[in-house]
Amino acid sequence: MKQSVSKKKNIVHFLLIFLICIITFVYLIPLFFIVHTSFKPWVHIRDYPPKILFKPTITSYIRIFTSRTPLPPGRAFSEEEVFNMKWYERLIYKDTNEEIVRKGDFPRRYLNSIIVVIGSTLTTIIIGTLAAYGFSRGKLKGKDDWLFFILTTRMLPPVVVVIPVFLMFRALNLTDTHIGLILLYTAFNVSFAVWVMKGFIDEIPIEYEEAAMVDGYTRFQVFRKIVVPQATTGIAATSVFCFIYAWNEYAFAFILSRKYAQTVPAWLPYQMGVLGYDWGAAAGGTFLFLLPAMIFTIILRKHLVRGITFGAIRK
Amino acid sequence: MAGVKLISLTKTFGDVTAVNDMNIEIKDKEFFVLLGPTGAGKTTTLRLVAGLEKQDKGEVFLDNISVNDFTPALRDVAFVFQYYTLYPHYTVRQNLEFPLKSKLRSFTKSEIKKKVSEVSRILHIEHLLERETVNLSGGEMQRVALGRAMVRTPKVFLMDEPLSNLDAKLREEMRRELSRLHFDLGSTFFYVTHDQVEAMTMGDRIAVLNEGRMLQIGTPDEIYNSPKNVFVAKFVGSPAINLFKSAIEKDTLIIGKKEMVLGIFEKHRNVLKKYNKKNIILGIRPEDIEISREKQKVNSFKCAVYFSQSMGAEDILNLKIDNINFRAIAPPKYMIKLGETVYANINISRSHLFDSETEECIA
Chain A
149 MKQSVSKKKN IVHFLLIFLI CIITFVYLIP LFFIVHTSFK PWVHIRDYPP KILFKPTITS
209 YIRIFTSRTP LPPGRAFSEE EVFNMKWYER LIYKDTNEEI VRKGDFPRRY LNSIIVVIGS
269 TLTTIIIGTL AAYGFSRGKL KGKDDWLFFI LTTRMLPPVV VVIPVFLMFR ALNLTDTHIG
329 LILLYTAFNV SFAVWVMKGF IDEIPIEYEE AAMVDGYTRF QVFRKIVVPQ ATTGIAATSV
389 FCFIYAWNEY AFAFILSRKY AQTVPAWLPY QMGVLGYDWG AAAGGTFLFL LPAMIFTIIL
449 RKHLVRGITF GAIRK
Chain B
11 MAGVKLISLT KTFGDVTAVN DMNIEIKDKE FFVLLGPTGA GKTTTLRLVA GLEKQDKGEV
71 FLDNISVNDF TPALRDVAFV FQYYTLYPHY TVRQNLEFPL KSKLRSFTKS EIKKKVSEVS
131 RILHIEHLLE RETVNLSGGE MQRVALGRAM VRTPKVFLMD EPLSNLDAKL REEMRRELSR
191 LHFDLGSTFF YVTHDQVEAM TMGDRIAVLN EGRMLQIGTP DEIYNSPKNV FVAKFVGSPA
251 INLFKSAIEK DTLIIGKKEM VLGIFEKHRN VLKKYNKKNI ILGIRPEDIE ISREKQKVNS
311 FKCAVYFSQS MGAEDILNLK IDNINFRAIA PPKYMIKLGE TVYANINISR SHLFDSETEE
371 CIA
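These protein sequence lines are chains A and B, in that order.
In this text, residue positions in the first sequence follow my numbering: the first is 149, and each later residue adds one.
In this text, residue positions in the second sequence follow my numbering: the first is 11, and each later residue adds one.
Since the hints were made in silico from the structure, they are not lab data.
Among these hints, one or two may not hold up.
[What the hints assert, rightly or not] In silico contact screen, one side only, chain B against chain A (beta carbon under 7 Å); selected entries:
1. A60
2. F80
3. P82
4. F89
5. I258
[Stated by the list, open to error] Just so you have them, the derived chain B footprint on chain A, three or more residues with Cβ under 8 Å:
6. 345 to 356
7. 360 to 369
8. 374 to 386
Note that the structure is a prediction, hence the values are computed from the model and not measured.
Glycine included, every Cβ here is placed at the ideal spot set by N, Cα and C.
Could you build all of it, start to finish, from the sequences and the hints given here?
Written out as structure tokens, the structure is:
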């Protein structure tokens with residue numbers, strides 16, 4: 149009897165894993181396709197049906213990092229010139245018959261993305277956690293109404309306000325600045341952060357804080373030493389969501405940043421070369437763009453999965 | 011070390027008056043117990059002393075200094091909570107160090123280390139120091155919580171039912187431990203409990219509370235042997251005191267329809283004169299009713315044993331005369347069986363008499 153139950157359990161377990169594998173596989177096909185394309189040589193990128201096996205090359209990655217110009221017809225480098233080229237110049241020349249003019253805009257855009265995302269996530273978390281703490285513990289008049297008001301800012305599809313925001317930003321000279329995008333993403337994420345963090349802080353028994361206050365700490369010290377460490381799970385979860393939102397945001401980045409503060413999503417679609425749209429470079433850029441979000445989520449995974457399993461207060 | 015003084019302390023939550031005009035003076039080095047049922051305002055009183063709540067009226071003095079406007083941190087008291095509240099993200103050692111690391115106190119690292127090891131030696135928790143608090147047993151958690159209160163030698167120890175989450179055996183052990191600590195540390199303890207055994211065994215003085223009001227304050231002996239009113243008499247003592255509605259006629263107390271007629275104790279006669287023909291409440295503790303198989307001279311009544319509860323050292327007999335139920339304590343050697351008829355001999359000199367309207371003690 150016991151054995152058959154455990155056998156049944158095993159089968160269910162196996163089926164679940166099988167199902168998860170299928171779902172994961174379906175979700176990963178586009179990602180695989182991007183990585184696959186990014187390593188294709190130029191000539192094979194447009195092949196249909198797509199070539200599965202080929203000799204991988206990193207020229208797509210060189211292209212995303214450089215600005216190039218095609219050689220005029222009939223012009224070719226001599227053998228000696230080719231020999232004197234840097235390795236990546238030679239690769240590009242052999243692959244697409246182009247000459248590298250200068251380094252590309254990709255690193256600059258990438259840095260912009262990182263600045264904007266870190267800036268907005270940090271601000272969101274700080275404001276969100278403090279506000280959530282206030283909402284959770286404070287005796288604010290009309291607390292529920294305020295919370296609902298904060299929630300309503302999320303009911304509007306953000307794109308609807310693109311034009312008013314654009315006009316506001318122009319008046320305030322915030323277009324194409326890092327600070328502008330940071331403020332904007334913070335504004336969008338903070339309501340979400342307040343709600344999520346309030347849930348987590350509500351779970352922390354207030355006795356901990358009272359104990360710490362009696363132990364000789366001010367309210368803010370208590371917040372820092374007792375509340376924040378116990379809310380790490382919530383902070384991790386909220387940061388992941390804020391990070392991903394700001395990292396992927398396209399519409400506002402596209403309209404509000406042109407050059408100086410342009411982020412990767414706003415820039416990536418413009419991989420137009422003289423030879424047509426450069427799918428390889430776009431795929432390479434996309435893959436590099438995906439990496440930080442993946443790494444960030446993996447680092448915080450422990451906190452996301454662990455959940456709040458504290459229990460030193462016995463109730 | 012310091013005394014605590016509460017002057018007409020009042021605190022209301024909405025319509026509920028949790029603490030009503032409380033006046034208490036706790037002496038230095040005293041083990042003072044606040045005793046009362048759930049919702050009596052004991053914990054609120056303690057929180058007012060700690061500064062975790064703000065009183066509506068009245069004043070709190072610690073060491074003769076008014077601390078009304080002090081934050082909890084500045085009051086320099088230690089609070090032991092009912093739910094031990096050990097910080098879950100710290101180890102036992104970090105928990106013990108936490109109060110010492112406050113910016114209010116400037117201890118060096120070696121001083122902190124010394125104090126922590128001293129306290130953990132006293133509480134026998136040295137072997138737990140590097141453990142996570144989450145994995146401790148109830149008794150261990152309670153010791154750590156006590157240790158966190160002790161490390162910084164506060165003015166007063168405030169304890170909010172610290173033993174109520176322990177099992178019976180451990181609770182008894184910790185009661186002894188707390189008495190020992192109080193003796194060794196020589197500090198002021200302000201202890202809240204709903205358990206009268208804790209109050210009686212540990213307290214130097216007890217204050218009995220109900221519905222935010224203080225009903226009586228005194229030594230355990232005073233509280234037990236001369237309760238000021240019915241509530242105190244009922245609340246303290248286990249098994250509970252027997253209370254009879256009785257009428258006074260001349261020099262006798264009549265219970266029920268003359269099922270029991272008792273001669274009044276000589277010393278009570280004068281007081282009871284004005285209650286002639288009136289009703290009063292008679293209280294007799296179960297141990298003041300003696301059981302015998304033969305009828306004795308005075309105040310001896312024939313009754314049936316309804317059921318009995320054996321406590322090992324003594325039996326609690328539930329007795330019945332017609333419609334009157336009461337309890338008495340008998341030594342187990344009597345071997346009294348259910349349904350048996352025995353005689354209950356009431357020691358009227360140990361009786362407590364209360365006014366039936368005010369429920370205050372009259373004799």
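Exercise. Hints the structure violates: just list their numbers, smallest first.
Key: 2 and 5
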